Each structure stands twice: as C-alpha cells, then as structure tokens.
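Novice: The residues making up each chain are set out below.
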Amino acid sequence: MAKPASKGIIIGVVVVAAVIIALGIAFWPKPPAKIVISNWDGYMPADLLENFTKETGIEAEHAVHATNEEVMGKVTAGGGKGYDVLFVSGPFVEALANLGLIAELDQGKLPNLANLYPEAANLAYDPGNRRSVPYAWGTTGLCYRSDLVEGTPSSWNDLLRPADALKGKITMLATDRWLMAAGLKALGYSVNSTDAGQIAQAKDLLIEAKRSLLAYDDTTFYSKLVAGEASLVQAWDGWCNYGIAENPAIKFVVPTEGSDMWTDTMVVTAASENKDGAHAFIDYILRPEVHAWVAENILYKVPNQKAMERIDKALFETYPNMAMTPADLMRQEQLRDLGEAQKDYTRAVTEILAAQ
Amino acid sequence: MAAAERLRRLVLLGPGLGWLGLFLVVPCVVVFAYSFFERGVYGGIDYVFTLDNYARAADALYLSIFLKSARIAALTTFAALLVGYPAAYLIATGPKHRQLPLLILVMLPFWSNYLIRTYAWIVLLNREGLINRALTGLGWIEQPLPLLYNDFAIVVGLLYGYLPFMVLALYSSISRLNPEMREASADLGAPAWRTFLRVTLPLTLPGIGAGSVFVFVLSIGNFITPDLLGGGRSVMVGNLIYDQFLTARDWPFGSSLAFLLIGVMLLLLFAQAWAVRRGQEARADA
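The listed protein sequences correspond, in order, to chains A and B. Quick note on our numbering: the first sequence kicks off at 136 and runs consecutively. Quick note on our numbering: the second sequence kicks off at 1335 and runs consecutively.
Each hint should be verified, as a subset may be incorrect.
Only pairs whose alpha carbons sit at most 25 Å apart, straight line, appear in this in silico SDA-like list of lysine to any residue [stated by the list, open to error]:
(1) A:Lys216 to B:Leu1481
(2) A:Lys386 to A:Ala405
(3) A:Lys478 to B:Thr1529
(4) B:Lys1402 to A:Arg482
(5) B:Lys1402 to A:Lys386
(6) A:Lys302 to B:Leu1479
(7) A:Lys478 to B:Ile1379
(8) B:Lys1402 to B:Thr1529
(9) A:Lys209 to B:Val1382
(10) A:Lys345 to B:Val1382
(11) A:Lys302 to B:Met1441
(12) B:Lys1430 to B:Met1441
(13) A:Lys478 to B:Leu1434
(14) A:Lys209 to B:Phe1499
(15) A:Lys478 to B:Glu1462
(16) A:Lys478 to B:Asn1466
(17) A:Lys478 to B:Glu1476
(18) A:Lys478 to B:Asp1380
(19) A:Lys345 to B:Leu1481
(20) A:Lys209 to B:Phe1579
(21) A:Lys209 to B:Val1547
(22) A:Lys478 to B:Phe1557
(23) A:Lys209 to B:Val1457
(24) A:Lys441 to A:Thr460
(25) A:Lys478 to B:Lys1430
(26) A:Lys345 to B:Asp1485
(27) A:Lys345 to B:Met1441
Hints listed in this document are in silico derivations from the structure and should not be mistaken for laboratory results. Since the structure is predicted, the reported quantities are computational estimates derived from the model, not experimental observations.
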C-alpha cells in the first residue's frame, strides 16, 4: 500500500514533531509551584486555601474525596502522582506507608508541630508523627434527641437492643470499621479484633440489631435526628455537632463500654514534586490561629493544644464533646489497620447488610 | 473510488468507534484482567493468577445478593410495563399534535439530576414526609406507614427513574402498528380485549422486550437507590461491586462481580435481539 516516498514523509513529520515537543518541554514557562490537596468535602474552612496562598505565595488546588478508600484507590492506581497532601484516617497512614506511597516528613520544616498536645505525638498508627500529622481527632458514640428518648442512653446495647419505643427510629454507620466497632465494643472486644470467633459474634449481634434499625446512614443521620425521623443514631462526635447546631435537644454520649478513637491526618505523597510546598501547607494548618479557626469551622476537636486554648469557650458549652480532653480521648481504643483481617470485616459487613 | 469511500467511512466512523474503544472496551478489558489476579493486602492488585474471585462469587451469600437484585429488577420491570403500556398506547394512538408534547413530558425528569430526584422521594416517603402527613391529616391512618427504607421504596425509586425508557420503547413499537390491523380484527367480530390479546400485544412484543431489557438492566446495576431509598438495609449487586472497590479495597473480586453482571446483561440483550429477529422472520414467512 504505502509508497516509498510516503514513508520518508512520515519519518520527516515524526522527527519535526519530536523536535518541536522537545523544545516546547525545554522552554515552556514553568508553572508556579503549586500543590494539590485532597480532603473530605467541607472538612476545612472554604477560604483556607485562599488565605494560605495569600500568606505563602504557594498556589493550592483542592481535590475532594468522599471516603478514605476512594483517595486510597486514586493514589494506588496512579502511584500518588498529581497529589501533594492527602487527608486520611490513621489506619490508612499505615496502609499507605506499607505501600510506600507516602513520604517521611522533614520535621525541621514543621516547627509548629510543637503546638500539638504531647498525646498527639504518640499515636499508635504512627508514633512520633514520622509520616503523618494529626489534623482532627475524636470518637464515635450515640447521638440522640433528649426530648424523644426516655432516660439517657449510656451503652452500645441501648443502640443494639433498644427499648420498644425506639425500634425503627435508630440508624447506624455502615462503614465497616465503625459498624463492627459497635458490635465488638458491646461484647467487650477490641475494635481492632482479628479473632474470627469474636468477629462472628459481633456479626450475629449486629444482624439482630438490624431488625430495629430505620436505616444505615453515614452522611445524613443528623438530618434524620433533626427531622424527627430518627431518635437515636450512631455518630461521630463532630457530625453530631451539626445536629446540635440545628436542635439543642440533640446530645452526644460515649458509651460506657468505651469506643474507638479516630484520628484524621495530613500526609505528603512520596510522588509529590513540591514537598516543600506540602510541608509549608501542613505547618500553616498547625499555626494556633489557623487550626483554631479550623476547629470552630468544622466543629471537630483538633489535636493542637495552642489552638484549643484559643477557641471561643462558648463553643464548649454548646457542643460539650468539643471540650473532651486528650486524656478523655486516649481512654478510647485507637483504630489500627487490620491488614489481612480487613477481608473478614468486609465479609461480615456484607453479611450484615444483606441479612433479611 | 473504493479507497475514497473507505477513507470517508473511516473519517465518519473513526471518532465514534475510537471513543468507544478507548473508554469502553479498554477499561472492560482491564477490569476483566483484574478479575484473575489476587487482591493486595492494602488494596491494588497482586499480579498472581487465580480463579478464586469467580469461585467466591458463587458463594451462597453473593448468590443471594444476585438473586435479590434480580427479583427487585424484575418487579420494577413488571411494574414499569403495567404503568408504561397504557401510557405509551394512549400517546401513540392519540392525535398527532399531542404526541410530541406528551413525549417531552415523559422525558422531562431527565432534565434534572437523578440524585436530586431520588432525594425528593425521601421527602415524600419518610415517616414525617408529605404522604404520611397527608394521610394522618385526613385521618385515614393513625400510625405513619413505613414507606421508606425498604424494598418497596427501592422499587418505587427505580420505577420512577426508568419508566421513561419503557414508555419510549413501547411508544416506538405501538406507533408503528398499522391501525387497519385492529380495524380488521374488530370488523371480523373480535371484542376489544381479544383484539388486544391476539393482535396488538403480539405485534408489540419487540417493544415490550426492548423496554423490559432496558429497565431490568438499568435497575439491577443501580446502587444509589438501594442506598438512599433502601436506607442501606438491602444490598444489591451494584452496592456489592461499589463496596469492593470503595470500601473493601478488593478490586479483583469487584472486577469479577462486575464481569458476571455484564455477562447477565449481555445474555439478556442477546436473547432480546434473538427474539426480535425470530419475530421478524416469522412475519416474513407468513
């Protein structure tokens, strides 16, 4: 088909194109140093990045993820390219570190680490904050309408084996670790249990509890409380505060059996091409005035002592769980990565959700 | 001339085929390949060949989820047929100038986002929602009805979402029907119900098939509606696949489930195409 002459033309075109592209790469003006940050939607003040850029001259772009697993999927698929700072929960720091996808932090570039509570420098998933810096922390408990629930719920069993009046007015979290935590803690087991027998017991208990549930809900449980559709829900402390903000009759309690303690962190990807910018961002967040602003904005506790000292104390009265001390939190059990046992949790959760 | 013709075809077909090839076929091939590897402990893929993902899919737990999804999709399809057929029939046999506005009304819901429309159903169906308030207000019921967070709500949501596909498929089939056939049947003394059963219904079977396959295939793979209207209390196969990728970090198993689902859908589409072809041949023979 191809005539000899056309072959020459094609080679010529390819060579010219290659030269143009090479020159383009060599002389194209370098874009200003920019960092890309992936965070949960609404998990930092809307104009935080703008202020950061104003202060430091570093451009910052905001990407959004809905779950830890989602950002983890993106980073595993692309080797982390295109992202500089990720917001992930503690167990995912372990997983990302084991995959070699996040960088060791240069603590010399993070002088504001000194503002953190001593407890925040020694968390089980990353002792010494070598790979991650805690951003917010808290626990999981019961969020309820004190005007619709008789008495004060105090146990996981109030959720799992509810009084008749509460049947059909309860929601639970469907995310595997937290759903399982309710069952495991009610039975007196660890939230990180990898024992097949304990997992099976928790599963049976949670299947039984499903009969009195209105729904599984990870995102709108507080609206259901406000609307009166639900009276008692399993909730993260900070998200319960969104309900309290709309109806002061809503209260939060940590069950007496104890609960989990979770930490959301900031990590720098190993593939980041602007690690200085990434460190500058993390250090900016750790400034007392910035981190305090974050806490007042998202209504979650932050592990920054200097920041918590600055917070408007009126917030502690409106949202009592904001006043939980690091010591209160450390009494709960820190969530860890499960490694191989993650499969067993997934399977158990699928069985629970599929049960009739 | 032949070369010019070939070039013309290439230019016209190329972009469409290239698009499909790049963004439909290639990802499917990747997913298919993933389904034969092992899951990495922290997500991702360990490139060790295994058939385990397909063996796991045959587990009673996952089969029951498949069957449940098929049952909900079948119910939705049946309901869509019951509601959609009379509507399509009246639109197709009504006056010509009314047909277009009515069809636009059928399509109108597509102009807004599926998620928003699904949330609207939550507002309608919940315990404190419009329907329950209206019914208690009228004194017809004392306790609010459990309309939301169950399989009923899932079927309602899916039916609402996919009914237009059924109506459009039936409309195109019914409007091609020659009215003289029905007149002939009536002239020969058949009552209306017999004309419908013996003439109209058999001749619109291809439309019924196409509409049913659309609704069934879209319903069985849906995961938003079971999550929002089902309250997460029922798992459909779409949720199962979603969870494998987005919470379980088990891409290979998710891939094998996705492939099995694609297989079921392809079988249905082939069966439908085969039925249409047979119908046409039978008519040609007659």
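Novice: Which of the listed hints are broken here?
Specialist: 1, 2, 3, 5, 8, 10, 11, 13, 14, 15, 16, 17, 21, 23, 25, 27
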